[in-house]
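Make a model of the complete structure from these sequences and hints.
Number of protein chains: 2
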Amino acid sequence: GEPGRETPHLDQMAREGLLVPSMYASAPLCSPARAALLTGRLPVRNGFYSDNDPGRNAYTPQEIVGGIADWELLLPELLKQKNYTSAIIGKWHLGHQDQYLPLKHGFDYFFGSTNCHFGPYDDVKKPNIPVFRNEKMVGRYYEEFSIADNESNFTRLLTEEAVAFIKDQEGKEDPFFLYWTPDSTHAKTYSSAAYRGTSGRGSYGSAVQELDAGAGAILQQLRDSGLENDTLVVFTSDNGAALVSKFDGGSNGPLLCGKQTTFEGGMRVPGIVWWPGTIEPNTVTQQVISQMDFLPTFLQLAGIELPQDRLFDGIALGQSLLNTDLHIARPVFLYRGDILMAVRRGPYKMHLWTWNAPQSELDDGIDFCPGQRQENITTSFQFDHRDSPLLYDIVADPAERYLISENSEEYKDIVPKLQQIVGDHESDMVKGSPELNWCDTAVMHWAPPGCDELGKCLDVPESNPYRCVWDH
Amino acid sequence: GEPGRETPHLDQMAREGLLVPSMYASAPLCSPARAALLTGRLPVRNGFYSDNDPGRNAYTPQEIVGGIADWELLLPELLKQKNYTSAIIGKWHLGHQDQYLPLKHGFDYFFGSTNCHFGPYDDVKKPNIPVFRNEKMVGRYYEEFSIADNESNFTRLLTEEAVAFIKDQEGKEDPFFLYWTPDSTHAKTYSSAAYRGTSGRGSYGSAVQELDAGAGAILQQLRDSGLENDTLVVFTSDNGAALVSKFDGGSNGPLLCGKQTTFEGGMRVPGIVWWPGTIEPNTVTQQVISQMDFLPTFLQLAGIELPQDRLFDGIALGQSLLNTDLHIARPVFLYRGDILMAVRRGPYKMHLWTWNAPQSELDDGIDFCPGQRQENITTSFQFDHRDSPLLYDIVADPAERYLISENSEEYKDIVPKLQQIVGDHESDMVKGSPELNWCDTAVMHWAPPGCDELGKCLDVPESNPYRCVWDH
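Each protein sequence line maps, in turn, to chains A and B.
When we follow the UniProt record's numbering, the leftmost residue of the first sequence carries the number 1, and every step to the right adds one.
When we follow the UniProt record's numbering, the leftmost residue of the second sequence carries the number 1, and every step to the right adds one.
Treat the hints loosely; a few may be bogus.
With a cut-off of at most 27 Å between alpha-carbon atoms, the simulated DSSO-like pairs for lysine-lysine come out as follows [said to hold, decoys possible]:
{"hint": "1", "chain 1": "A", "residue 1": "246", "chain 2": "B", "residue 2": "172"}
{"hint": "2", "chain 1": "A", "residue 1": "412", "chain 2": "B", "residue 2": "246"}
{"hint": "3", "chain 1": "A", "residue 1": "82", "chain 2": "A", "residue 2": "188"}
{"hint": "4", "chain 1": "A", "residue 1": "188", "chain 2": "A", "residue 2": "172"}
{"hint": "5", "chain 1": "B", "residue 1": "167", "chain 2": "B", "residue 2": "104"}
{"hint": "6", "chain 1": "B", "residue 1": "188", "chain 2": "B", "residue 2": "172"}
{"hint": "7", "chain 1": "A", "residue 1": "246", "chain 2": "B", "residue 2": "417"}
{"hint": "8", "chain 1": "A", "residue 1": "188", "chain 2": "A", "residue 2": "126"}
{"hint": "9", "chain 1": "A", "residue 1": "417", "chain 2": "B", "residue 2": "246"}
{"hint": "10", "chain 1": "B", "residue 1": "188", "chain 2": "B", "residue 2": "82"}
{"hint": "11", "chain 1": "A", "residue 1": "82", "chain 2": "A", "residue 2": "125"}
{"hint": "12", "chain 1": "A", "residue 1": "80", "chain 2": "A", "residue 2": "104"}
Note that these hints are calculated values from the structure, not bench results.
On a predicted model such as this, the values are computed, not experimentally measured, just so you know.
Here it is in C-alpha cells:
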C-alpha cells in the first residue's frame, strides 16, 4: 500500500519469483484463515467458526475454550509421511489450551506466541500472552518480551529463530517445513529500535519494514545454506489490511473495504512464490489461488497423497504454479463465519450477501469500509442479495466499483453458472462442530506449562463458561 | 493500478532511477495541466482556465477559440538560450489555431495531434482531428491514421518518431529536449494489433502495455546512442485515472476519486526520474513535486536563469532531486479552473473546497468518485469548507479517509500555518486572461495548414462564437 518502496526484500523476492495478484485468504480474519491454511479446509468445515449468531467472524482470544480439533490433519502432520521436520515460529492462534498447542499437531518445534500480542494486561482480569519454546512458556509479552511505545525486539527474535532453524537443516537428509508467522503488523504495531521513525507510514510502516527485512534474511539464509534451489517459499497474509486500525492498519490499495469483510479488501492478499531454478524469475500468474490450496499443492510437490477420508477445499495447483499459462478453474468460497457471502471464479465474483459492520459499531467508529459507502452493499446489516446476486468482473474491476447489470447478457450467462457451483458446494457441505462458540475466563493462560519453573504461575479463576460475543 | 506487473519497462526505469510518490499534476485535467507543465505557471496565471462559471475544469476541444498566449514563455523557448533542439511527439493540446501551434512556441519539431483522438467524426458537424508533421497536417485520425475497434498503430508511430529523433541527436554538439506525449490511454483507448488481448485489463491495459514498451524503447535508444548518462528523463501523467471511463480509465490505487477532482486521485500522478550516473538507482524521494517544478528545475540544471518578469509557481528542485534526503518545503496549490480548492504542503493537505460532479451529471452516471461517497466531501456541489478547512495527513493517509479532528492540537497548529500560505499565495495572484471561455465551430480544424496539398480541406462554417459550457 505505501507507495514509497518500503519493502525492498519482498520486491526483490517478487522479481526473483512469481507474483500472484489473485491470492485469497481463507477467511477475512486471522484464526480461521490460519486454521484453513494448515488444514486445506474451510473454517466452516474444520470448526474454526461460531454459530452463536449467523455470519459473525470469530477468532481465538484468550477466553476461547476451543481450538483445532484432533480429527483435523494439519500440514506438518501430513508432511511427516516424507519425514519433514516442521517448525512454527511466530503466532499460532489455533487454540492455546494444552491439547491444541503446535507440538500436539505435527510441529516439531515452536517458538512464539499462542495468541495475539494485545495488552498489556493486569494479571487480574487478563494475563499477558505467553511466549512458548516448544511445549513450555519462556515468558510473556510486555514482561520478558517487552513491547513498549510500539517498540519490541520480537520480530527480530522471530527472524533470528527462523534463520537458525534453516541453518540447522544444512546437510540434513530430511526435508523441512518452516511456518514463519510474525504478528508485528497487527495493531498495536511494533518494531525494533532500529526501525523506529524510518517510515513515512509511522509505526505500521516500521513494522512492515522489519517484516520485510525478516523475509529477506530468511531468503538469504536459504542461499547461504545452499538450499535456495530446493526450497519453495510463499509469502502471504492471513487477511486484508485492518482499515479499522487507521494508520496502524495498512492499506488495501484500490480494493474495497478491509479485514472482516468478504470484499476484496478483506480477502485478496499478497502472494509471492519463490523457488529459484524451478519458478522463473519475474513471472506473474493470473491463476486464482486460495490459501487452502497450499496444503494439497505442497503435498503434491512432495509426492504425498491427499487423505481420502474428508473433503478438502484446496486443490493441488503445482501444475499451474510451474506453468503460468495454465489456469485451473477453481472457485474460491468467501465466508463470514458460517455464511457463504460470495464466490470468486475465473474473472467473476458474485456476492450472495454483503455486510460492513453493525450500526452500533459504526456509531463507535468501527468501519471496515471507511470512505467507501455503496448503496445496499457496504451496509450496517447483512444484506441479502441471493435473489439477485451482485456480479463483478474482478479482473477488470478489482475495486468492486462497477456492478454488471442484471439485464446484461453477461449477467444472464454467468450468474446461473456461479449459482450452480454454489449449489454443488452447499450440497457437499458438512459443517464441523463450531469450536469458537464458548468462552471462559478460566481457560486463559494464567498458568501455562512451564510457568512453575519460571515462578510465573497465576491463580486460575473459577470456570464460568459463556457464549462468546462476536459483533461482526 | 493493475496488480499484474504489466509495465515491465517503467518498473525497470523506476529500479534504475528515482521514484517520486508525491508528484502532483498541475491541474486535474489535460490541457491546463500541460499548459502549466510547459510554462511553470498555474493555469489560472497562464490563461488555461475559464471563468464562465466558477470552479469548472476547462480544456481545449476542437471548438476552442483560445490557446497558449504569446506572452507565455514555454520551456523550449527558454531552453533556446543554451541551443536546445526541442521536439514534441504526441498530443499538443495547447490550442490548435495557427498561432498556437508548437513551432510558434519554441519547438523545432512536431509530430502528433493538436487535440484528443475523440471521434470518429462526420466532417459535417465535426471533422476528425488532424495529425501534424511540423507546421502542416499529414492526415487525420480515423482516416490516414486509423483507429478502429480500439486498434491503432499510433503509439507505435510516436515511439518510432521519438527513437528516430534521439538517434538524430547522436554526436550533435547541441543538447535536446524531447516532449513525448502519447494519448492512447485516454478513452477510447487504443493499441497496436500486437497488444490486443494481451492484458487482463482489456483495451486500457493493452494501451498501457504499449505505452510502457514505448518508454522502454526510448530509454534503450538513449543507451544505444551513448546518451544515457547525459539525459534526464521524467515519466509522469497529466492527471489521475479517469474513473468515469470505468474499465477504459485505469485505477488510482488507494487514492480518493479521479481525474477532474482535486482529491489525490485527480492530481497525484506517477513520477519516475531517470538519469544514470547522476541519480542513484533504486531510490525514492518523499519530496513533494509539482509538474510546474520541471521548468525551473530543468533550467537550473541547464544553467539558464529563470525570467524575472513574471511569477512562476514551480520552483527549482535540482538540489533535492540529486540529494533525496533534502526535502524542500514547497506548497502545491490545487485548482479547479479559477478556484483554489486545496493545498498540499509537507505531510499535510488542506481542502478549502471539495466537489465531485453536479447532480445532473451524477444522474447521467458521470461520477468521478465511484463507490467513494463521503459525507459533505464528495458532494454534487462545490462544498465550502473555508471556515473549517478539512485537514489530512496525506503521508499516513494518502487515501484521504481519516479527517484530522478540528479539536486536535495538530489541526490547531497546522491549519493557521496553511491558511497563511494560502493568504500569501492569493495576495500575489494576478490571473491571466481566461483563454478557455469562448468556443466557435468555425475554428475547428476544417482546413488546417497543408490540407490543400492532401486534398483534404473541408468547408469552414460561418463563425458563431459562444460561451463554452463546462459542466464540471
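Hint by hint, here is what the structure shows:
Proximity of residue 246/A to residue 172/B is assessed by CA-CA distance (about 55 Å); at most 27 Å being required, the pair is judged violated. Distance check on the hinted pair: residue 412/A and residue 246/B sit about 21 Å apart at the alpha-carbon level, within 27 Å; holds. For the given pair, residue 82/A sits about 39 Å from residue 188/A by alpha-carbon distance, which is inconsistent with the 27 Å threshold. This hinted pair does not check out: residue 188/A and residue 172/A have alpha carbons roughly 39 Å apart, beyond 27 Å.
As the CA atoms of residue 167/B and residue 104/B are separated by approximately 25 Å, the hinted pair is consistent with the 27 Å bound. For the proposed pair residue 188/B and residue 172/B, the alpha carbon gap of about 39 Å is over 27 Å, so the pair is violated. Among the hinted pairs, residue 246/A with residue 417/B is consistent with the structure: their alpha-carbon atoms are about 25 Å apart, no more than 27 Å. For a cut-off of 27 Å, the pair hint linking residue 188/A to residue 126/A stands: about 17 Å separates their Cα positions.
For the given pair, residue 417/A sits about 25 Å from residue 246/B by alpha-carbon distance, which is consistent with the 27 Å threshold. With a C-alpha separation of about 39 Å, the suggested pairing of residue 188/B with residue 82/B is violated against the 27 Å cut-off. Annotation: proposed proximity of residue 82/A to residue 125/A is violated, straight-line Cα distance about 45 Å (limit 27 Å). For the hint linking residue 80/A to residue 104/A, the alpha-carbon distance of about 13 Å falls within 27 Å, and the restraint holds.
Of the hints listed earlier, those the structure fails to meet are numbers 1, 3, 4, 6, 10, 11, in rising order.
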